Structures are given as structure tokens and as C-alpha cells.
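Protein sequences, first through last, are from chains A and B. Its first residue numbered 22, the first sequence is counted upward by one per residue in this note's numbering. Its first residue numbered 239, the second sequence is counted upward by one per residue in this note's numbering.
If you are wondering where the hints come from, they were derived from the structure by calculation, not from laboratory data. Wrong hints could be hidden among the right ones.
[Said to hold, decoys possible] Some, not all, of what chain A presents toward chain B, calculated at C-beta under 10 angstroms:
1) I32
2) T33
3) Y48
4) Q63
5) Q66
6) A115
[Unchecked claim] Derived contacts from chain A toward chain B, CB cut-off under 7 angstroms, selection only:
7) Y53
8) F111
9) K121
10) G125
11) A126
Computed from a predicted model, the values in this text were never measured in an experiment. Ideal Cβ placement from N, Cα and C applies to all residues, glycine included.
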Amino acid sequence: AQSVTQPDIHITVSEGASLELRCNYSYGATPYLFWYVQSPGQGLQLLLKYFSGDTLVQGIKGFEAEFKRSQSSFNLRKPSVHWSDAAEYFCAVAHDPHNKLIFGAGTRLAVHP
Amino acid sequence: DAEITQSPRHKITETGRQVTLACHQTWNHNNMFWYRQDLGHGLRLIHYSYGVQDTNKGEVSDGYSVSRSNTEDLPLTLESAASSQTSVYFCASSGPGHGNTGELFFGEGSRLTVL
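Work out the full structure, taking the sequences as your base and the hints as a guide.
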């Protein structure tokens with residue numbers, strides 16, 4: 022069965038600092054991988070996705086993620102965090118682009134001024 | 239603009255009552271999903287549908303049902319509400335019209351409290 026692990030429940034960074042949010046997945050074949058962001062009281066918004074090809078994918082709001090098959094990881098990064106990035110971030114995996122997504126438990130990001 | 243809407247946004251009910259949460263999307267998406275969000279669990283899939291008359295159970299389907307009589311709507315019914323079903327419920331959709339990207343489009347959520 023597919024599963025997604027986000028090891029960090031909470032992360033706090035200073036504004037302007039770099040950010041890396043970890044995501045590990047369990048799935049036998051090549052997965053379809055996603056990162057979503059949820060602002061307080063809102064639904065989820067897609068940041069980026071990986072289906073195939075280049076293992077470094079760019080997303081919205083200056084985020085990027087790297088797919089590492091050998092480590093079963095899809096970590097999210099941003100070189101310089103803004104206060105508006107404070108939110109909860111979810112990694113998700115699917116069999117294919119049309120299939121149901123399995124979400125990790127989420128990482129809540131706090132940004133200090 | 240096309241959108242996905244959920245109603246009600248907030249509801250308080252009593253144990254044992256039947257509750258229906260509505261989800262309506264105007265993208266003509268084939269795929270629709272219901273998730274519940276609880277602290278420490280992220281989003282867990284309740285039910286999903288890949289088209290009219292198609293419904294499938296997700297990982298936490300006990301106590302919930304859905305029906306898909308048209309493309310636009312996937313109502314979620316709690317037959318006999320329990321306190322364990324207090325949660326925030328999200329509806330999402332995906333499908334052609336967005337380049338088959340696999341992206342889920344989420345509603346704003348329905349907060350349900352069962353007393």
C-alpha cells in the first residue's frame with residue numbers, strides 16, 4: 022500500500038532563511054508526487070508535481086522539489102522564505118495523475134520576522 | 239469562473255442524526271473526492287467517484303456514503319453521526335479540462351461538530 026511520511030510536524034524558520042520540508046513515500050512503482058499548501062481556514066492549493074522527466078521540478082511561489090528515487094524522497098525547498106509562506110504543507114502520492122491521492126500528515130511552517 | 243463549492247461551511251449536529259454535506263463543481267470534472275482532515279492525520283480519503291454512478295470506498299469510509307447522480311455533485315452523507323466524525327471535510331475534483339495534470343481542486347471545507 023502507498024504511504025507518505027512527513028517526519029517534521031512543525032518547523033520554524035526566520036524570514037529570509039532557506040527551507041527544506043521532508044517527504045518520504047512508500048510505493049513500488051514510479052509514483053506521481055505532489056506538494057500542496059494550505060493557508061489557515063482554506064482549502065489546499067497545488068504547489069508543484071512530479072510525474073516523470075527532470076527530477077528537479079519548479080512550482081509556484083518560488084518553491085522547488087527534487088525527486089530522489091534511491092531515497093524514496095520528494096523534499097520541498099525554497100531558498101528564501103517570506104512571512105506569507107507560513108502555512109501547512111502536505112506531500113501526496115498517487116498511482117497515476119487521475120487516481121486518488123494519499124496525503125502525508127502535513128508539516129506546519131511558522132516564519133519568524 | 240469555474241469553481242468547487244461546499245455547503246454548509248459550518249454545522250453542529252447531535253449524535254445519531256443524519257447529516258449531508260454538499261459538494262458542487264462546475265469544471266465538468268469526472269473525478270471527485272471526499273477527504274477528512276484531523277490534527278496529526280493530514281487528509282484521509284473517505285469516498286471517491288470517477289464518474290456518474292461510480293463510487294468507491296477510501297481508507298476511512300465506515301459511517302459515510304456518497305452517491306453520484308450527475309457530473310457536478312457528490313454529496314457526502316453521515317447516516318448516524320458520531321462524535322468521532324467531528325472533523326473538517328474537504329471535497330476535491332480533478333479531470334479533463336485541466337490538461338489531465340492530476341491536480342486536485344479543493345473546496346474551502348466544511349467544519350462538522352457532532353455533540
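Against the structure, the hints:
A least Cβ separation of about 15 angstroms between I32(A) and chain B goes past the 10 angstroms threshold, and the interface hint is therefore violated. Hint status for T33(A) relative to chain B: violated, with the closest Cβ pair at about 18 angstroms, above 10 angstroms. A cut of 10 angstroms between beta carbons decides the hint on Y48(A): the least distance to chain B is about 15 angstroms, and the hint is violated. Evaluation of the Q63(A) hint against chain B yields a held restraint, the C-beta minimum of about 6 angstroms falling below 10 angstroms.
Here the hint on Q66(A) is kept, as its CB sits about 8 angstroms from the closest CB of chain B, short of 10 angstroms. Taken as an interface hint, A115(A) checks out: its beta carbon lies about 7 angstroms from the nearest beta carbon of chain B, inside 10 angstroms. Look at Y53(A): its Cβ gets to within about 6 angstroms of chain B, closer than 7 angstroms, so that hint holds up. With a cut of 7 angstroms, the hint placing F111(A) at the interface with chain B holds, because the nearest CB-to-CB distance is about 6 angstroms.
Below 7 angstroms, beta-carbon pairs count as interface contacts, and K121(A) has one with chain B at about 5 angstroms; its hint therefore holds. With a least beta-carbon distance of about 6 angstroms to chain B, the hint placing G125(A) at the interface is held under the 7 angstroms criterion. Hint status for A126(A) relative to chain B: holds, with the closest Cβ pair at about 4 angstroms, below 7 angstroms.
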